[in-house]
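2 protein chains.
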Amino acid sequence: MRPMVAVSSFHDRLRQAWADSGSLLCVGLDPVRSRLPSPFKQAPSGLRDFCCAIVEATADFVCAFKPQAAHFAAEGAEDQLAEVISHIHKGWPDKPVILDAKRGDIGSTAAFYAKEAFERYDADAVTLNPYLGEESVRPFLQHPGRGVAVLCRTSNPGSAWLQTTPEEAPAYLRIAAAAREWNRDGNVMLVAGATYPQELARIRITVGDMPLLTPGIGAQGGDLEQILRAGLDAHGRGMLISASRSILYPEVDMDAVCVGVARDFAAASRMAAERLHDEINNLILALAGP
Amino acid sequence: MRPMVAVSSFHDRLRQAWADSGSLLCVGLDPVRSRLPSPFKQAPSGLRDFCCAIVEATADFVCAFKPQAAHFAAEGAEDQLAEVISHIHKGWPDKPVILDAKRGDIGSTAAFYAKEAFERYDADAVTLNPYLGEESVRPFLQHPGRGVAVLCRTSNPGSAWLQTTPEEAPAYLRIAAAAREWNRDGNVMLVAGATYPQELARIRITVGDMPLLTPGIGAQGGDLEQILRAGLDAHGRGMLISASRSILYPEVDMDAVCVGVARDFAAASRMAAERLHDEINNLILALAGP
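As they're listed, the protein sequences go chains A and B.
The numbering of the first sequence is the numbering used here, which starts it at 1 and goes up by one.
The numbering of the second sequence is the numbering used here, which starts it at 1001 and goes up by one.
Keep in mind that the hints are not guaranteed to be accurate.
Using 16 Å as the maximum straight-line C-alpha spacing, the simulated EDC-like pairs for lysine to aspartate or glutamate come out as follows [to be verified]:
hint, chain 1, residue 1, chain 2, residue 2
1, B, K1115, A, E75
2, B, K1041, B, E1075
3, A, K115, B, E1075
Calculated directly from the structure, the hints in this document are not laboratory data.
One chain only, chain A, in its complex shape (with noise of 0.2 Å):
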């Protein structure tokens, strides 16, 4: 683990990362095997070598990196996940990484698995489920400097029926107002998916200028100047855009742009990075207004 010699809060740490990279966008990591260029698909240790390519090919464009666990859980490469992180740690220590786990359970059990985000993988921050309310999520919040994203609103189709139900008193909504408790410390983040911008906004009314990480982009189909519209902050920002398959396996759109550099899945997933880079930025300037 990397010695915390003056922590601040994440909330502190992700404005920084906001200001220093002048990004919001955020860099999911979701390695799929059969996807994989061919020098990494058979390799042993081809999740994290790709991950670490991705890193370093899109880091000039983003404030924050996402690797999601069960990608690598699927195959027993939890070490090479971890060795993701640190690689992120180390050649870009400012840029916060969220672990995308999705974890819930009672509290004495929680406490294992921020344990299990905090020290066995060094993540600063972790997505949580709070299907078991706020016990599942408070053990999370006793590590200092580090944050949690809770599940909120997902971008998924099929989760109406659970989460914004009943109308006049959503769950989702009420997730929001409990998250705003929680968040004694700076260090609560809600996910709000990008695919539903309405409740985006009704979530950004909720929570004040609480960080939102916002899925949903690209594969997803989400609509950017919709949620740019609906969840930055009152400063233009507040917002973890996330964009994880259409930054990683960008070939088809490349190709149209750009043959010869497409062959180059590195340089293909760094100009689709630096492209969603310049277009939220350009949104940004745009809602501003003059």
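Use these hints to put chain B onto chain A, whose structure you have.
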């Protein structure tokens, strides 16, 4: 992985395990390093060896085992978890292993969690969190012979504000109704905590004879007679009564009962398992009446 020559449904395998063992007791394997007996406490493979010793000591009285993922993951001991499961399959091939991991994510990621549970760990079933809806469950249902236990009403206090609202159509009952739909191949169970027997009774009415996984007996204080009355199916079975801490760390109880035997942790755990097994079966007989 074990060869699955003639694959029967997970429910059929569970019914066979109930019949063969004459027990509804499921022992949860939640190894806490600081609470392990001294030979295991310092040993690198202590989690595995302690769990295997508990399995051997208690197997006569249980129908299934439920290892808990976080307790291993917190110290990077995923391989020990896999070895515990493999040990159970070898010695007690007819006792299902339920991996308690409470995973839940969008469909493309859920497929990797299913691979983690059923291929990497070779578990027979896995606990799932349904907050992301059906697509987070579906990939798990495509593994023949395997099962899922979907969180419905959890045993912890502080979960009612999400699980039991709104009153006229509480989330836990909507999940129970959905689980009945998902259960096309005899592979879906529900997690229904022992601490809320009235809600357990409503779940039983909703799902017919679907098996229920019921934690919260023992350390969490659920009342055994009430929950059996509420949760047994029409055949006097249908439940996995899960106990972890009260079986793994029973020294206080045991000292009072029998000082000589209690010094041997395995004998104490065996005695705790036998006592709970007997208590369950005596209550089932009493409830069945003359």
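Now the hints, each set against the structure:
1. K1115(B) x E75(A): It holds: about 8 Å lies between the C-alpha atoms, which stays within 16 Å.
2. K1041(B) x E1075(B): Distance of about 13 Å is within 16 Å: holds.
3. K115(A) x E1075(B): holds, 8 Å
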